[in-house]
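Peer 1: Here the protein sequences line up with chains A and B, keeping their order.
If you want this note's numbering, it's the 1-based position in the first sequence plus 9.
If you want this note's numbering, it's the 1-based position in the second sequence plus 9.
Heads up, a few of these hints could be off.
Since copy identity is lost for identical chains, a pair holds within one copy or between any two.
[Stated by the list, open to error] Simulated pairs of lysine to aspartate or glutamate, EDC-like, Cα-Cα distance not exceeding 16 Å:
id, residue 1, residue 2
1, Lys317, Asp29
2, Lys339, Asp184
3, Lys154, Glu264
4, Lys154, Glu111
Hint data in this document are derived by calculation from the structure and do not stem from the laboratory.
The model shown is predicted, which means the values in this text are computed figures rather than measured ones.
The lines below spell out each chain.
Number of protein chains: 2
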Amino acid sequence: MVVTPTLSRSRRLRQTPYSDRVEACGAKAYTVYNHMLLATVFRSLEEDYQHLCENVQIWDVSCERQVEITGPDAAALTQLMTCRDLSKAKYGQCFYAPLVDENGGMVNDPIILKLAEDRYWLSIADSDVLLWAKGLASGRGMDVKVFEPDVFPLAVQGPMAEEVMAKVFGEKVRDIKFFRFAELFYQNHRMVVARSGWSRQGGFEIYLDNSALALDLWDRIWDVGKDYNIFAGCPNGIERVEGGLLSYGNDMSSENTPYECGLGKYVNLEADIEFVGRKALEIARDQGLGRKICNIRFDKRLETSVSKSWDVLNVGGDHIGNISSGCNSKKMGGFIAIAMLDQEFWDEGTIVLVQTPLGDLTGTVANFPFD
Amino acid sequence: MVVTPTLSRSRRLRQTPYSDRVEACGAKAYTVYNHMLLATVFRSLEEDYQHLCENVQIWDVSCERQVEITGPDAAALTQLMTCRDLSKAKYGQCFYAPLVDENGGMVNDPIILKLAEDRYWLSIADSDVLLWAKGLASGRGMDVKVFEPDVFPLAVQGPMAEEVMAKVFGEKVRDIKFFRFAELFYQNHRMVVARSGWSRQGGFEIYLDNSALALDLWDRIWDVGKDYNIFAGCPNGIERVEGGLLSYGNDMSSENTPYECGLGKYVNLEADIEFVGRKALEIARDQGLGRKICNIRFDKRLETSVSKSWDVLNVGGDHIGNISSGCNSKKMGGFIAIAMLDQEFWDEGTIVLVQTPLGDLTGTVANFPFD
Chain A
10 MVVTPTLSRS RRLRQTPYSD RVEACGAKAY TVYNHMLLAT VFRSLEEDYQ
60 HLCENVQIWD VSCERQVEIT GPDAAALTQL MTCRDLSKAK YGQCFYAPLV
110 DENGGMVNDP IILKLAEDRY WLSIADSDVL LWAKGLASGR GMDVKVFEPD
160 VFPLAVQGPM AEEVMAKVFG EKVRDIKFFR FAELFYQNHR MVVARSGWSR
210 QGGFEIYLDN SALALDLWDR IWDVGKDYNI FAGCPNGIER VEGGLLSYGN
260 DMSSENTPYE CGLGKYVNLE ADIEFVGRKA LEIARDQGLG RKICNIRFDK
310 RLETSVSKSW DVLNVGGDHI GNISSGCNSK KMGGFIAIAM LDQEFWDEGT
360 IVLVQTPLGD LTGTVANFPF D
Chain B
10 MVVTPTLSRS RRLRQTPYSD RVEACGAKAY TVYNHMLLAT VFRSLEEDYQ
60 HLCENVQIWD VSCERQVEIT GPDAAALTQL MTCRDLSKAK YGQCFYAPLV
110 DENGGMVNDP IILKLAEDRY WLSIADSDVL LWAKGLASGR GMDVKVFEPD
160 VFPLAVQGPM AEEVMAKVFG EKVRDIKFFR FAELFYQNHR MVVARSGWSR
210 QGGFEIYLDN SALALDLWDR IWDVGKDYNI FAGCPNGIER VEGGLLSYGN
260 DMSSENTPYE CGLGKYVNLE ADIEFVGRKA LEIARDQGLG RKICNIRFDK
310 RLETSVSKSW DVLNVGGDHI GNISSGCNSK KMGGFIAIAM LDQEFWDEGT
360 IVLVQTPLGD LTGTVANFPF D
């Protein structure tokens with residue numbers, strides 16, 4: 010049985026400027042992400058999924074906190090934090106960028122926005138990158154200001170997202186390419202709008218930096234969206250596992266290198282850049298991979314959920330990895346999962362034994378992401 | 010109405026080695042603390058409170074994660090992180106220590122344990138101190154290892170705690186003074202045991218560093234405790250507000266200096282020590298305090314809870330501060346709260362207007378902590 014306990018509310022689990030609307034739309038469950046509330050279900054995981062894939066949803070993703078780095082050393086500090094080469098980064102681009110520590114372990118996997126030559130936003134996953142950045146800056150005596158600005162991202166996701174956004178921000182929205190942003194006006198207030206979002210259904214993220222406008226903006230999107238069957242949504246557990254979107258803290262941690270997470274293409278050791286963990290990642294590259302992120306498929310639904318790591322064994326009973334996330338997928342014909350598996354067992358089609366809350370079950374290894 | 014939503018479970022919200030027992034004892038609600046589950050209520054806040062004050066409780070406080078700092082520069086790095094003078098720190102002492110950033114803002118308020126000349130544990134509140142410490146160490150090129158060890162604190166709290174602990178760890182436990190620790194044996198395994206804990210009812214914290222022993226240790230304490238009416242518990246919202254225990258993220262944040270939090274005695278500017286934020290705190294000291302932590306009392310129960318900041322106004326309607334935590338207290342004859350108030354209004358007895366979810370209500374300022 011999956012226990013669904015109550016979440017105790019406190020100021021420490023921060024609300025957002027949109028919280029009233031999220032509650033009014035009937036959010037059934039929440040998680041905590043960057044010390045902030047994030048809804049996880051409105052109608053049901055399955056209904057939310059279906060609606061997202063066919064319509065348009067408005068997501069309160071305020072918990073994607075920004076770490077703002079400004080000042081003469083802003084570019085150097087931002088580069089110091091990621092193994093991805095940012096030397097050719099331009100205004101208007103979004104960079105998915107693994108942040109690594111001195112051991113080459115993942116610290117976070119933000120999207121980095123270059124707002125100006127001396128101004129960056131790191132739109133972060135669930136860890137206090139602010140402290141990491143401030144520690145590095147203080148330790149090195151860098152000439153930067155590092156802080157969490159009052160920015161509260163709102164995502165508009167789904168196939169009808171562009172139609173809705175065009176009515177709110179104007180036709181210019183259509184010109185924004187994938188992983189690019191523009192600064193557009195809403196009520197005479199300029200804000201960053203990017204074609205991005207934590208789904209594979211297309212859409213935008215609005216980086217609202219004026220919380221006084223929050224409910225107004227939500228309501229405007231909602232009103233316009235009615236013609237497109239808009240509803241409130243949130244990052245969806247089914248959609249993201251099907252789509253191969255990794256979740257920091259679930260599928261990867263500081264125990265993992267970007268290589269293990271399938272993010273090797275963002276490790277630009279060939280570039281002449283300085284970043285923390287470079288030496289460790291050079292060693293990791295030379296040693297080769299011992300384990301990596303894979304998928305595992307089951308041939309039926311499983312009436313459970315992955316609330317903690319599930320051990321994966323080979324047919325001989327040896328521990329060969331673990332499952333970190335999973336869901337029932339109608340599209341895939343059964344339960345699907347994300348797993349970190351040892352080398353000898355990561356080939357597609359390998360049969361493995363998984364210790365689930367329902368007992369030991371047979372699964373089949375699949376490529377990550379699913380084709 | 011206070012909404013009590015469901016908490017979505019995922020691996021990212023880490024379970025602990027004691028989670029099975031916590032669930033079995035009927036934990037009704039949880040919070041998330043350092044990316045880990047922390048129970049908040051078992052029977053009811055009031056029943057848990059009464060039981061804690063009269064008996065003994067066992068608390069899974071694994072979420073008090075340790076940041077371990079070892080190596081030749083361990084003492085220097087640990088000192089660099091706190092304004093409290095650690096130069097005379099000795100093995101066996103626990104130090105409540107504000108950590109501050111370059112602006113003198115609170116980063117965390119851990120208890121620091123000096124385990125050896127070159128080995129410290131920071132037993133932290135809810136922020137990723139690990140990243141702060143690693144950033145500073147990396148930035149300065151310090152010769153240290155900084156990591157989160159597999160330590161899972163278990164607290165035994167309440168007036169009968171010493172009796173139970175003596176039966177589990179032997180009579181030596183009685184010799185441990187307040188905020189001191191000793192290394193004692195359980196099943197031939199040496200572990201740190203401190204007389205400390207997040208209540209004012211007395212008790213101990215066991216820093217279990219072998220999760221394989223977790224359930225065994227829990228069960229042993231439980232069995233011994235039966236004679237003393239033991240039950241599962243957790244940091245209690247009533248007891249801690251009555252007792253004046255501040256909660257990082259609720260009552261204080263990086264927006265606050267230690268002075269504002271009433272922690273001035275831990276700001277040892279008179280000592281010849283180097284720490285981040287020293288200059289900022291010198292300026293803060295010289296400028297004097299503009300606001301500080303106070304209590305506010307209401308003369309009746311309030312059927313609500315503080316799930317977000319409540320604004321506090323003076324009788325003229327000007328904003329003068331905010332309430333960050335609160336609870337109904339039978340002992341104090343009504344609802345009591347912790348607030349940050351501007352200087353002109355922090356005197357005991359000042360009448361203030363508080364914007365609560367139940368409407369505007371009159372409260373009376375009281376000293377922090379309550380006498």
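Peer 1: Which hints, by number, does the structure contradict?
Peer 2: Checked against the structure, the only hint that fails is number 2, while the rest are satisfied.
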